[in-house]
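Q: Make one complex out of these two single chains by using the hints.
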Amino acid sequence: MKSSYVSFTLNGEEKELLIEPGRRLVDVLREQCGATGTKNGCGQGSCGACTVHIDGVAMLSCLLPAELVDGSEIVTIEGVVRNRVLHVLQEAFLAQAATQCGFCTAGMIMAAKALLDCDPSPSRQAVIEALSGNVCRCTGYEPIIAAVLAAAATLAKRPAAAAAA
Amino acid sequence: MAKLRGRGIAAVNYPTGMNLGGDPSQALIHATTTGNFVVTLSSVDLGQGLRTIMTQITAEVLGIAPEAVMIDTADTDTGPHCMGTFASRTTHRVGNAIIMAATEARKVLLDVAGEELEVAPEDLETDGTGRIVVKGVPGKSISVQDAALAAHFKHGRTISGRGIYLKPRSYPDFETGAMDPDSCQAHACTIAEVEVDTETGDVRVLKLISAYEIGRAINPMMVEQQIVGGSWMGMSHALYETTEPYYPNRAHGPVDFLGYLMPGPADIPEYDAVILERPSTNGPFGAKGIGEMTANSPIPAIANAIFDACGARIDDLPITPEKVLRALDAAALAAQP
Ligand code: FES
Ligand code: FES
Chain A
198 MKSSYVSFTL NGEEKELLIE PGRRLVDVLR EQCGATGTKN GCGQGSCGAC TVHIDGVAML
258 SCLLPAELVD GSEIVTIEGV VRNRVLHVLQ EAFLAQAATQ CGFCTAGMIM AAKALLDCDP
318 SPSRQAVIEA LSGNVCRCTG YEPIIAAVLA AAATLAKRPA AAAAA
Chain B
2 MAKLRGRGIA AVNYPTGMNL GGDPSQALIH ATTTGNFVVT LSSVDLGQGL RTIMTQITAE
62 VLGIAPEAVM IDTADTDTGP HCMGTFASRT THRVGNAIIM AATEARKVLL DVAGEELEVA
122 PEDLETDGTG RIVVKGVPGK SISVQDAALA AHFKHGRTIS GRGIYLKPRS YPDFETGAMD
182 PDSCQAHACT IAEVEVDTET GDVRVLKLIS AYEIGRAINP MMVEQQIVGG SWMGMSHALY
242 ETTEPYYPNR AHGPVDFLGY LMPGPADIPE YDAVILERPS TNGPFGAKGI GEMTANSPIP
302 AIANAIFDAC GARIDDLPIT PEKVLRALDA AALAAQP
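Sequence order for the protein chains is A and B.
For the record, in the first sequence the residue sitting at position 4 is 201 according to the working numbering, with numbers rising by one throughout.
For the record, in the second sequence the residue sitting at position 167 is 168 according to the working numbering, with numbers rising by one throughout.
Because the hints were derived from the structure by calculation, they are not lab data.
Here a beta-carbon is modelled for each residue, glycine too, at the ideal position from N, C-alpha and C.
Some hints could be false.
[To be verified] If you want the footprint, here are the derived chain B segments under chain A, 3+ residues with CB under 8 Å:
#1 58-67
#2 71-83
#3 212-226
#4 231-241
#5 252-259
The shape of chain B in the complex, shown without the other chains (with noise of 0.2 Å):
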């Protein structure tokens, strides 16, 4: 009986959205009298940090401060479309749809601006701040929440911008086969090490390193909090979570998060992740989703490491101390002349 250190590799090439029916999503957008801009949409920020990506790309496209910019998400009954929160897409497809609403919200912006400081508007750039400026000319500008006043009391104009990204439905080529079911990849490889405990069956992940090719992060800090919080998922997945742990009995299941395991702060690993950026051609400034994908490469990585420590080679999840020591006995029957 020994603890046994194995390490186990695993990659994995994500999907950026789906190929349903057509994957389209809106966006609409309108400045209130106050310059803040509204940003209105039907997915969901669920922890992912939605908010605060659509946040950036509108306050970039639009030449204003982050602080400007109102998420408002999420009421299917009156929002915008969005196909949903799901396959990593939202980043992509909302993320694009904002940039043409905002383009064209700008545009409007920029025009009444234009009237209000008798310039033509192409002579006119945002400081980011909330101003806007004739070029070349700093002493000359107007406030954008001016603009948005004046753009309702004076010349009775919307500053507003509507945007829709869609990814059309590909069909097969029947001869070949080739299709185009989504905009883009993204891709990632994890590393695991792994202690196995041969008496008890209990594995003990010790480090969880992954690299990662995404695209642009848009927020290189919440990437880095998806792969970390995803490599704990996957692990979750890989040795613990399952509501049917004790066979053949599923009275003996879990009903709550009593008799759900998960692995808690006791159980962690180390994490690493290094980001490669390779902007895609179709993303928002170059971006691929990451979000569920990371949860993905640690659950093989952490089998294979199993594999590496002990010989015992398990591909039914989640890999329970009770499978490690059966696979173990099977390793050792197999193994007798």
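The shape of chain A in the complex, shown without the other chains (with noise of 0.2 Å):
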């Protein structure tokens, strides 16, 4: 099988990329684009390290051939932070000290990012759910639901337009 060329956005930026048959997409973020955020914890969907979104849901990018990502929109850990201001999601994982390594983060935050676009106020089962594919060997998971609870109220107090985005 020969390499092929597959295009796709990257956070919002055009990427067109040779790629070997197979190659698995958090090896094409990592490597080819330079987006370390996304981790490779276990490389076979157990952990949730890898979690990035494809099209707007989150998926284990340690699973994924990359071929298979041609002409969708890819947002990684890079891409929640705008113009250098992080997510409320962030925010939150700081307040709350959601983070020890900081191995999980990344997933967690997409994991949960997915949560919140589609659920903005859910419940603590919910967010329990959204978070059941994610390890972390660190912090007990309590921080971690904790902020994503306190990141959904802080989304409930702001206007329409800014809870967009």
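A: Structural data, given as structure tokens:
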């Protein structure tokens, strides 16, 4: 099999890359695009550290052959920061001390953002379910759940236009 | 068949540091021409927050802003000596080494600033935000950066400091067995509340409530982080984690994260913790170590709570549903006349 050209947008920027057959999206992001915020934890779909958004849906980039994202819109943790301003979720993670070693954090934020994008005021149970594919070895999860709920509360107080950001 | 609730308690006294062949750690500090201070260590930050704690201690002793401190860690080929990042020793050992190094560096900093301002260094104080001020004369001051530049370009001096903290090796007294193996001990107590399903053997931890006496909480938020994360890890050791879950055949054991069990966000209990501060006599600002101990007391507390709930006394970890059911069967058998 031959390498092929794959195009997608990464955090709003057009990309066209020559990609070896079967190369995982996580490797393309980290090694060909320099977007190392996305982590490769287990490489087998069991830790969530590699979570990114493909057309608005949270997916595991370690399980995706990069050919499959041709024509997609990809958002990684680097795209969550806008104009050097942290996202409400990132602020909430800091305020709730929801990160220690930080290895799970990008994946946690992408999983949580996918939830808040479609359910801006989730129940605690909904947050737990949204994070259930993400492993954290450090925090005991409670600070992360608290951060997502706090971010939702902050978004609820904002005007609708800002919440869409 | 029922769901039975129980409570268990456990306490831990945890030594800070180890009695090896002596337990030293070093810190080296130097100012760059930007007025930032680099702290070179061979300890590592693996998520416990060493960089933050060491930044706080450095900034406090030098009298500068935390933003002006850069912590450079963990090249054991080229860095100063550190016995290692273990035994909850880093805050204590390396913190003390930094106090020594920063005290020396501060003296040079004030010497140079004194020459620049033409006053005695004893008449100077730092404002904690990057300026060195003549005491009682707020208008007369120099920035730390200008002092650092002057040190290099006018005085030919290096603003630096060396620190080492050594806990000497302690040998036992042959008559009494008495010895001094650690610098200080932190103390904690955990109460666990569990629910045991006697049909499935499944154990749910409902609450983990702890009290910790840790000397001085240099960063209270991070102390709480350690306690919550450690409570989870203790629960994980108590009920889930093992590479040998299915006896007798090793071939069924986990080989990756899919098979290695840990509690997820849906399995966590309510956590709560009280922090008591009784400063130690020898820790930096009275601190003791808290890292490792946080995963300890939850384990026996959970085992005791299971016993309280259903009478199954299990002393082999992790306490899997299979072990609970076998223990319940054994207890029922023993109870028969
Ligand atoms: S790296 Fe993709 S799920 Fe672990
Ligand atoms: S913060 Fe270390 S794995 Fe989550």
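Q: Now look at each hint and say whether the structure bears it out.
A: Hint check:
no.: 1; hint: 58-67; in the structure: violated (count 0)
no.: 2; hint: 71-83; in the structure: violated (count 0)
no.: 3; hint: 212-226; in the structure: holds (count 4)
no.: 4; hint: 231-241; in the structure: holds (count 4)
no.: 5; hint: 252-259; in the structure: holds (count 3)
The structure fails to meet hints 1 and 2 from the earlier list, while all remaining hints are met.
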